[in-house]
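Asker: What follows is each chain in one-letter form.
Number of protein chains: 2
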Amino acid sequence: MSQQAKRVVLVSRPKGEPKASDFRVEEYALPAPGQGQVLLRTIWLSLDPYMRGRMSEGPSYAAPVPIGGVMEGGTVCEVIASNHPGFVRGDIVLGRAGWQTHALSDGKDLRKIDAALGPVSTALGVLGMPGMTAYTGLLDIGKPQPKETVVVAAASGAVGSAVGQIAGIKGARAVGIAGGKDKCDYVKSELGFDDCLDHRDPDLSAKLKEACPDGIDVYFENVGGEVFEAVFPHLNAFARVPVCGLIAQYNDTAPSVPKWAPSLMRSVLTKRLTIRGFIVSDFAARHGDFLRDMSQWLREGKLKHREFVTEGLDRAPAAFMGLLKGANFGKQLVRVGPDRA
Amino acid sequence: MSQQAKRVVLVSRPKGEPKASDFRVEEYALPAPGQGQVLLRTIWLSLDPYMRGRMSEGPSYAAPVPIGGVMEGGTVCEVIASNHPGFVRGDIVLGRAGWQTHALSDGKDLRKIDAALGPVSTALGVLGMPGMTAYTGLLDIGKPQPKETVVVAAASGAVGSAVGQIAGIKGARAVGIAGGKDKCDYVKSELGFDDCLDHRDPDLSAKLKEACPDGIDVYFENVGGEVFEAVFPHLNAFARVPVCGLIAQYNDTAPSVPKWAPSLMRSVLTKRLTIRGFIVSDFAARHGDFLRDMSQWLREGKLKHREFVTEGLDRAPAAFMGLLKGANFGKQLVRVGPDRA
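Just so you know, the protein sequences line up as chains A and B, in that order.
To convert, note that position 250 of the first sequence is 251 in this note's numbering; the numbers rise steadily by one, no gaps.
To convert, note that position 154 of the second sequence is 155 in this note's numbering; the numbers rise steadily by one, no gaps.
This is chain A alone, in the form it adopts within the complex (with noise of 0.2 Å):
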């Protein structure tokens, strides 16, 4: 009597949008844990920006998804089965077991998660990757001084609104730039941010300088497109971009051709900008500092975060679609299956 799992793989590589005829839900048997194996049974996938470039061929940072591949994706995990002395059923471990209600793992990937911290779905956001991509990105390359201001795009989001209070913690002015006035009201009353603008406002480069008479020291770039053909004319000079996505553009085919673009360069002497591109694991030794800052910040009520949660497995290519036009309000997460089994 074999149980079934589930998985979510890749069937072709998107033009532009992916469609939901880019994925299929397969059932599969449950496997059996080899020698040093665990097999896992997941409980919260989560689902970021960054895997929509695993959908494509090209050059990246990483390897695209085989055609048949199992999208992947980090998952909070419970262990439910253990031939590893390092792990034993119950665990609740952080790992990156992709779309899938089952996952073998070796146990070299995973990391067990610390409850005392926060609730386990914090380690896919606030607590994980999104949120160390905001520390270090911010800390490390933007480098806000006090009363400098950053700008930050997808202000609500994982990334963004840890982006814009973590500048706030630091002295800096945060503005925040999101879709709707609901994003942009939570931004400002819930967040903290000193404003927050909507890009889909026409005269959002008006409306910029307007909220920052001061020019803008930090843009952090997770958008692209035509947000940053907005901020570009208001960097100060010596300003930083750390870019760690640019989630407006991954379902562009014929890549347009910004209208920023022939000034970038020229700019990018006459202010002396700085722009640099990074992945979270660039700044891997800086694990332990942002684990310390953001739980302490989290705990002492400075740090606010918001989850938006999709029920189930096969809802996760239609909840990942909405996520690149941002229908998510807060960090999309993926309920897979329930806390304990």
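In case anyone wonders, no lab produced these hints; they're calculated from the structure.
Cβ coordinates follow ideal geometry from the N, Cα and C atoms, glycine included.
Warning: the hint list may mix true and false statements.
What the hints assert, rightly or not - Derived DMTMM-like pairs (lysine to aspartate or glutamate); straight-line CA-CA distance at most 25 Å:
{"hint": "1", "chain 1": "B", "residue 1": "Lys144", "chain 2": "A", "residue 2": "Asp283"}
{"hint": "2", "chain 1": "B", "residue 1": "Lys210", "chain 2": "B", "residue 2": "Glu230"}
{"hint": "3", "chain 1": "A", "residue 1": "Lys144", "chain 2": "B", "residue 2": "Asp283"}
{"hint": "4", "chain 1": "A", "residue 1": "Lys144", "chain 2": "B", "residue 2": "Asp141"}
{"hint": "5", "chain 1": "A", "residue 1": "Lys208", "chain 2": "A", "residue 2": "Glu230"}
Unchecked claim - Coverage of chain B stretches by chain A, computed from C-beta distances (three or more under 8 Å per stretch; other residues unrestricted):
{"hint": "6", "segment": "264 to 270"}
{"hint": "7", "segment": "279 to 288"}
Since the structure of chain A is provided, determine the placement of chain B on it from the hints.
Answerer: Below, chain B without anything else, positioned relative to chain A:
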């Protein structure tokens, strides 16, 4: 009996390439130094690509030269009269007297040149602003590690020649790009670069791939335009791009949209590039280190340099127009007056 002095003033702001008619050589009566002033006689005038920027209006790191104003420029001068307690007749000083035979100064922008470090003209080249641009941009932003590959364009010029040689001193592989066989031969055989490519080669990008089999870790950007386009695909993960100049773009009128533009930010992200603009004064604190290291390397024969001398202030406009097209071969200087009056 008032002695005559001469100066070159800006008549009109060039559209595209500067023309002879954008400049005018004027004679004027030699002024007398007031209280606290010195009268300078120019020996050497430095011509540098940044001067093209000063001819135009529009945002930059420095104000433009006004119409009718004397063209700005770094100079080596002799003090020929002094009402300033810090200077005596016969002092040789580095200053910014501009494109003229004589100038008054209150002494604040003057620095006495230590002739023991080398010929006084080197204060405008390898031991001056171009040398320090190379030194700080390469070491403080580019940070080449042993065995890494450094690429620099305008490799026979004042900045580029120093960049490649310093890279070599630091144990990196230096690949130059220059205009024509003579310059490339010089860069390889005299300056000791590991390789040098002709930027006129239509297969520049393919040749770069051959010359840089391990990719490019540092691209010292001082030209922009098509060279950047050729270099860009070969940048390695974590490559650094110090940007000190864009000479190939300075005469652009309607900014062309370069082919690489759409992918620039995407590559910044996927390759985790650092692109940083700077001007030499940003690193003023490094001046002591610069003079110590560079003068030592000069004395030890590790650092070679070449001067390209145009005789007479009247020829400065033509020499400058040539510089923008790469007609010079080495650091472009104008001999304005004799070493000693």
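Asker: So, for every hint listed, does it hold in this structure?
Answerer: Hint check:
no.	hint	verdict
1	Lys144/B to Asp283/A	holds (17 Å)
2	Lys210/B to Glu230/B	holds (13 Å)
3	Lys144/A to Asp283/B	holds (17 Å)
4	Lys144/A to Asp141/B	holds (17 Å)
5	Lys208/A to Glu230/A	holds (13 Å)
6	264 to 270	holds (count 7)
7	279 to 288	holds (count 3)
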